[in-house]
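Quick mapping for you: the protein sequence lines, in order, are chains A and B. Count the first sequence with my numbering and you get residues 1150 to 1254, in order. Count the second sequence with my numbering and you get residues 9 to 367, in order.
Rather than coming from a laboratory, the hints here were simulated on the basis of the structure. Just so we're clear, the structure is a prediction, and the values are computed from it rather than from any experiment. One thing to keep in mind: the hints can contain errors.
Said to hold, decoys possible - Covered by chain A, per the in silico footprint, the following chain B stretches (three or more residues, Cβ under 8 Å): (1) 93-103; (2) 177-183; (3) 231-240.
Unchecked claim - For lysine-lysine, the following DSS-like pairs were computed, each having C-alpha atoms within a straight-line distance of at most 25 Å: (4) A/Lys-1212 to B/Lys-305; (5) B/Lys-243 to A/Lys-1162; (6) A/Lys-1226 to B/Lys-128; (7) B/Lys-17 to A/Lys-1226; (8) A/Lys-1160 to B/Lys-305; (9) B/Lys-305 to A/Lys-1162; (10) B/Lys-243 to B/Lys-305; (11) B/Lys-367 to A/Lys-1212; (12) A/Lys-1226 to B/Lys-305.
Note that the Cβ used here is the ideal one computed from N, Cα and C, for glycine as well.
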Amino acid sequence: MTEKRRRIARKLKEVIDPELGVNIVDLGLVYDILIEDGHVIIVYTTTTPGCPMRRYLQQQIDKALTGIEGIDSAESKLVMDPEWNVDMIVPDVEFFAVPPPQLNQ
Amino acid sequence: MAVFQFSNKLLAGFMAFAALGLLTGLYAGLAKLGFLGDINLNIPGGLHGPLMINAFLGTLISLERAAALEKRWTLTGPFLMAVSVVFMLFVDLQYGSWLFTIGSLFVTLTLLHICFIQPKIYHYIMAMGGASLFIGNLLFTMGAPVFEIVIWWMGFPVLTIFGERLELNRIMRPPKKAQWAFVGFIAVWILGTALLHFSRIHGWHLVMVSTLATAIWLIKYDIARKTIKSVQWTKYSAWCLLSGYGWLVLTGIFGLMYGLPTAGPFYDALLHMVFVGFVFSMIFAHASVIIPSLSGKIIPWSQYFYLPLILLHGSLVLRILGDFSGNYMLRSTGAWINVLAILLFLGGIFTQIVRNRRK
Chain A
1150 MTEKRRRIAR KLKEVIDPEL GVNIVDLGLV YDILIEDGHV IIVYTTTTPG CPMRRYLQQQ
1210 IDKALTGIEG IDSAESKLVM DPEWNVDMIV PDVEFFAVPP PQLNQ
Chain B
9 MAVFQFSNKL LAGFMAFAAL GLLTGLYAGL AKLGFLGDIN LNIPGGLHGP LMINAFLGTL
69 ISLERAAALE KRWTLTGPFL MAVSVVFMLF VDLQYGSWLF TIGSLFVTLT LLHICFIQPK
129 IYHYIMAMGG ASLFIGNLLF TMGAPVFEIV IWWMGFPVLT IFGERLELNR IMRPPKKAQW
189 AFVGFIAVWI LGTALLHFSR IHGWHLVMVS TLATAIWLIK YDIARKTIKS VQWTKYSAWC
249 LLSGYGWLVL TGIFGLMYGL PTAGPFYDAL LHMVFVGFVF SMIFAHASVI IPSLSGKIIP
309 WSQYFYLPLI LLHGSLVLRI LGDFSGNYML RSTGAWINVL AILLFLGGIF TQIVRNRRK
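Chain B extracted, bound-state conformation:
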C-alpha cells in the first residue's frame, strides 16, 4: 500500500485552527471575567472551556498523534476538532459540540490504534485521556453544566501528559514497583472522576490524592531532574516540567483542603492551577520539539523564553492569591498577565522562526 505522507503545509493548516481556538479561547476567558465588553467579537465567556479544551488542546494533541501515525483516517479527529472551532464561533455552540464530541471519539480511536500496535500501559493511559475527553464532551453536549464534567475534560491533557512521561521516563529505569504505583494513581484518578457524579466531595478527594501522588512520583523519577543541568531548550524544558509538577502538588494540597465548589474563586483557582500552571507549562516545555515535527521549522533558542515562563507562573500566583483572598482586582490582573504570558511565548516562537528563515 502506498504511504500517504502528510505535508508540512497540511499540518500547519491544522495548527492554524488550533491557534484560532487558543486565541478565541483566551478572548472568551477574558470576556468571562467581564473584560473586553467594548470590543464586541461576539465570543461569549461560556465558550472559554470548549474552545481551550477541544479547539485548542484537542486539535493540537490529536494532530501530534496523527502526524506520528501518518494514516489518513487519523486526521478525522483533528479535522472535526478544527471544524468545531468554526461552528462554535460562527454558527452555534450546539452544532460545534456535536462536532467536537464525534471528533474526540476519533481521537480515542486513534489512541486505541496505538494500543493495538503496542499494547503498553502508557499507551492505555493516553487512550484513557482521549476517552475522558469523549465522555466529558458527550455529557456536555447532552446538557450537563461545565462544573459537572470539567474533570473529564481535565483528564484529557493530564492523562495524555502522564502517559507520555511514563513512556519517556523508561530511560530512567524506575523500579517495577514504582511503575505499578504510577498505574495505580491513574486508576484512582479515573475512579475519582467517575465518582464525582455520585459524591462530589469523595470523587474530588480521590482525584486530588491521585494528582498529588503522581506529581511527587514525577518529581522523583522524571528525567527533568537531570536535564535541568543541561543548556538552552533542554534546560528550559526541565524548568517547565518541574514547575508544572510543582503546580500539581499545590493543586493536590489546596484541592484536599478546600474541595471543589461548583463555581466561584476557589473553583477558578483550582482549575487554573492545573490548566495554566501544569498544562501550559507542559506546552511551553514541548513547543521546541513539537513545532519542528509538525511544521518542519526549527525554533532557535533564545533566553527570551524565560520571560513568558516567569510571567506565567508569577501571574498565576497573583491570580490564585486574588481568588483565595477574594480580591477581584488581583485575580483579574493575574488573569490578564496569564494571557499576556501565553501571547508573549507564541510571539517569541513566531519571531524566532521568521528570524531563522531570514538567515
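Bound conformation, chain A alone:
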C-alpha cells in the first residue's frame, strides 16, 4: 500500500457508522481506494441497499477526503456488488468502542 493510500485509509477510519459504532474501514465497507494522478475514487458499499445511513456516510466520506495532502480531487462511488457480509468485518473488532459521532461534533 502506498503512503498516499495509507493516508486516505487513515482519514476514512474517522468515518463512523453511527448504528454500529465502528469505522467504515474496519467494517469492511470500503472496497477500494483508486488513485490516478491526483484524483482519488473511493469505492464503498453499505450493509444493505436500503440503508438509511447511506447519505450520512457519503457526506462524511466526502468531508474526510477534503484536505488530504497530495490529493487534488476526490469522489466516492457506491457499489452493491459484491454484497457486504459480516465476514468482511475486521476480526475482533469492538462494536461501539468509539464514541458515537454526536460526541465529536
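Go by the hints and put chain B onto chain A.
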C-alpha cells in the same frame, strides 16, 4: 447515467409533511377521545388511524428508503403519501385514501426493488411490511372498517422494524437455526393477519404468538443488550429498543388472554401497546441517526431525551390500566400524556438542532 442527488431541503420538505401528518394525527386521536371539542380544526377522530399510519409513518419510512436508493421514481411513494395528508385534511378522506393506497403500492415496489438488488430474507420481510400496508389501505379504501384491517396496517411498521433488526443483528451472528426461526415467526404473523378475515380469534392468536416469539428472539439476540452499556444516544437507543420489545411481550400475553374485540377499551389497549409502546419507542431510538441522514443536521445528545421516553412508557401504563379497569379518566390522562411525550421529544430534537446551529 447522471446520478440524481436528493438535496437536504427536498427531503426536509417531505419530512414537513410527515410532521404535519403526525401532529394532525395526534390531534385526531385526542378528538376521538372526545377532547378538543372547543377547538374546531375540523379534523375528525376517524382520521387518526389513516393519518398516523400513512401520512406519518408511510411518508417517513418510504422517504428513508428513497433517500437510501436516491432514485427519482422512489420518491413517488413518499410524494403520494405526503399529498394524501392534504387531501385527507382539506378535501375528502376518500380521495386521500386512494392517494395513500397508490402511494403504498409504490412503497412496496421500492422495497421490492431492494429485494431485486439483494434478494435477502430481511429485505423480503420489509417488502412484506409494504405489501401489508397496501393490502390494508386497499381494503380500507374499498370500505372495510378499521377494526377489520388494522392488523394489516400494524404489519407495516412492525415488519419493517423486524426486517431492519434481523439485518442489523447479523453482526451478532445469531445461529442459522435462530435466523430461520425468526423467519418462521414472520410467516406466522402474515398467516394470522390473513386468517383474521375468516376467523378473527384464530388469526389474532397466531399474530400474538408471532409477536411474543419475535419479541423474545429480539431480547435474546439484539445488539441492544450490549449497547445498553454504552453512552449517550447509543445507550438511549438501547433503552428504547429493549423497552419497545417489552411492550411487544406484554401485547402478546394480553392479546392471547383477551383476544381482539372490534372496539372498546381492550381494543384500544392492545393497539396502543404496539403503536405507542413499540413503534414510538423505535422512532425515539432511531431519530438520532435518521434525522441527520435525511436533513444533514446532527442532533447533539442531551439527558433531556430520557424525559419524553419515561413519560411515554409511564403514560402508556396509565392508559392501559385505565382501559383494563374501565376507568375512563385514567385512560384519557394516559392518552394526553402520550401525546405530550411525543411533542416533548420533537421539541427536544428541534431545540438541539437550533442550539447546534447557533454554536
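Here is what the structure says about each hint:
| no. | hint | verdict |
| --- | --- | --- |
| 1 | 93-103 | violated (count 0) |
| 2 | 177-183 | holds (count 3) |
| 3 | 231-240 | holds (count 6) |
| 4 | A/Lys-1212 to B/Lys-305 | holds, 14 Å |
| 5 | B/Lys-243 to A/Lys-1162 | holds, 23 Å |
| 6 | A/Lys-1226 to B/Lys-128 | holds, 23 Å |
| 7 | B/Lys-17 to A/Lys-1226 | holds, 23 Å |
| 8 | A/Lys-1160 to B/Lys-305 | holds, 22 Å |
| 9 | B/Lys-305 to A/Lys-1162 | holds, 21 Å |
| 10 | B/Lys-243 to B/Lys-305 | holds, 20 Å |
| 11 | B/Lys-367 to A/Lys-1212 | holds, 20 Å |
| 12 | A/Lys-1226 to B/Lys-305 | holds, 23 Å |
When held up to the earlier numbered hints, the structure conflicts with hint 1 and nothing else.
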